[in-house]
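Chain by chain, the residues:
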Amino acid sequence: MAEIRRLNSAGTRAFMVWLAALRAGEETTIPMELLTDPETSEALEFRAFTGPDTLSSRYELGQRLAGSLGPHDRGAITNDPGVWNWLALFFFESLCPVRSDGVFMPGEDANFILSPSHQKRPRHAVRTTYVLVREYGDRVRFLFSKLRERGELLEQIAATQYLWSCRGVIEAASVLYQDDITEGFKRGAASKGPGSARRFRDYLSQLTLTYDLHGMTAEEILEILPREYERFLS
Amino acid sequence: MKSRINHTGRKSIPYSRIHLQVTGADIGRPRLTASINLEELDLPPDARVHLEAYHREITQRFDCGTVAACIPPEDVELSEVAQGGRHLFRLKVVSPAGAGHRLLATAERMQAHEGPANLDNRESLITVVAREHTGGVPWALEMDTEEQPALVLNSAIPGALNRIRTDAVFRALILPALVREVLTWIFDRGDGMGASADSWQGRWIEFGTRVTGGTNPPVDGDPAAIGIWVEAVVSAFCTDLGLCDSLATAAEESTHG
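The listed protein sequences correspond, in order, to chains A and B.
The first sequence begins at 962 in this note's numbering and counts up by one.
The second sequence begins at 212 in this note's numbering and counts up by one.
Here chain A stands alone, though its shape is the one from the complex (with noise of 0.2 Å):
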């Protein structure tokens, strides 16, 4: 357990080196010491602590985070980056994909730096995480079942950030891909399909410009649906 803090531009930038060296293969050993160094990173204002240093799963994630840095957030915590960053340096261990021989797989930078862009701001692991879980909490634990894969699934959900805050939508996602025996999604919720989460988001996507989705419940929302998303309501 730790007391989270942020990481500055200049832990920032050396976070950033470090996972261009790890792609590189230069690189292997964590570079924890940027967590505390005062030269790298800085005390928040209130106090908060991450919890035990493993998790089981994303969701767990966004639980602890909901608990210890939901009450004192007030929008200022969910934009500031270097709060991600650190939280994202502190569970790498935990959430960066692994080769079978061990070897972290990284990705591209913004699975662990929150990226400025609006299309890659999603895919950063620990903050796309705690905003999901923080607002929906239980309806999105079909989103975040495993522990080192972002997953398909949220990847459609989330690309389109407006959709991110019309609980209807959220939670009609839910009904239609959840599957409650294994916390994770339905078979086939993460194809290109009909009836998919890609379909999902683009044909709502395209309802935002004559529907007000913001107002409208899971209910509203699934009678509108064309009858290919059916198959998913069993």
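Since the hints were derived computationally from the structure, they do not count as laboratory data.
Just so you know, not all the hints are guaranteed correct.
Facing chain A, a subset of chain B residues (Cβ under 7 Å, in silico) [unchecked claim]:
1. R267
2. T270
3. V292
4. K303
5. L314
6. L352
7. D355
8. T356
Beta-carbon label-pair distances, calculated as ranges [unchecked claim]:
9. B:A462 / A:S1166: 46 to 56 Å
10. A:E987 / B:T395: 30 to 40 Å
11. B:N248 / A:I1185: 26 to 36 Å
12. A:E988 / B:S457: 31 to 41 Å
13. B:D456 / A:D998: 40 to 50 Å
14. B:D274 / A:T989: 50 to 60 Å
15. A:M1066 / B:A388: 35 to 45 Å
16. A:A963 / B:D456: 52 to 62 Å
17. A:E987 / B:E357: 47 to 57 Å
The beta-carbon is built from N, C-alpha and C at its ideal position, and this holds for glycine as well.
Could you slot chain B onto chain A? The hints should help.
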């Protein structure tokens, strides 16, 4: 530049019908007071009115009643969107209850103004916020493909938000670089040529075209030609605002006490 055809039948609400005023942002407790005039827009009197403050994926929504009985927010706290103040607003007029949540009219991407002095609600090109933790940098730009640029001023500078509107030295030293940096960012990313007219990128290019007296950016994407156009925009912008003259006057006053 692409133009977008509106097939939805949705009306655009003129910005002049909406005034948004935010106070208390400087102490981290922004409060919103709005006035909305929907008269004579040929909207159903029982259509519902909603004002949304939003920043990235966070939306705070205010139910404002109906077109006939519109009650805008008055001194309510913006408790859910970012404390940093980089939020925008949209107004929605939605079909009457039970009639399917159809959007009848909207006004998008509105920016509120600090304090009561300025109620000019023209569509903004940039969001201005004051923030701690800028790493000792006096000012910086936050760029995002989806949201319009934000000028982030270091809140350690007394009255920073007011200075960017009124302080000749502040304005002369920040604004030209800001315009250059935003336009360069747009074209460096290849967003300039295909920008739709209602995207923030499109509005910046329209601004550049307007301020240069109708000179469009080069269509061939040649970096050198684009650089020349950007500098022409910066020059025309500075001339329009009299930034150099104002700075000279301020410097003379400073010298002569």
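Results of checking the hints against the structure:
1. The beta carbon of B:R267 comes within 6 Å of a beta carbon in chain A, closer than 7 Å, and the hint placing it at the interface holds.
2. With a least beta-carbon distance of about 4 Å to chain A, the hint placing B:T270 at the interface is held under the 7 Å criterion.
3. Of the supplied interface hints, the one on B:V292 holds, with its beta-carbon coming within about 5 Å of a beta-carbon of chain A, less than 7 Å.
4. Restraint check, B:K303 versus chain A: the minimum CB separation of about 6 Å is within 7 Å; hint holds.
5. Here the hint on B:L314 is kept, as its CB sits about 6 Å from the closest CB of chain A, short of 7 Å.
6. Because the beta carbon of B:L352 sits about 10 Å from the nearest beta carbon in chain A, more than 7 Å, this interface hint is broken.
7. Given hint, B:D355 at the interface with chain A, holds; its Cβ is 5 Å from that chain's nearest Cβ, closer than 7 Å.
8. Because the smallest distance between the Cβ of B:T356 and any Cβ of chain A comes to about 5 Å, under 7 Å, the interface hint for this residue holds.
9. Take B:A462 and A:S1166: their Cβ atoms lie about 52 Å apart, and the range 46 to 56 Å holds.
10. Checking the proposed 30 to 40 Å range against A:E987 and B:T395 shows it holds: the Cβ atoms sit about 33 Å from each other.
11. Checking the proposed 26 to 36 Å range against B:N248 and A:I1185 shows it holds: the Cβ atoms sit about 32 Å from each other.
12. A hinted range of 31 to 41 Å is violated for the C-beta pair A:E988 and B:S457, which are about 51 Å apart.
13. Between B:D456 and A:D998 the beta carbons are some 48 Å apart, a value that agrees with the proposed interval 40 to 50 Å.
14. The beta-carbon spacing between B:D274 and A:T989, approximately 54 Å, falls within the hinted interval of 50 to 60 Å.
15. At roughly 40 Å, the beta-carbon separation of A:M1066 and B:A388 lies within the given 35 to 45 Å, and the hint holds.
16. Between A:A963 and B:D456 the C-beta distance comes to about 55 Å, which sits within the given range of 52 to 62 Å.
17. For the pair A:E987 and B:E357, the supplied restraint of 47 to 57 Å is violated, since their beta-carbon distance comes to about 35 Å.
The structure fails hints 6, 12, 17 (numbered hints given earlier, in ascending order).
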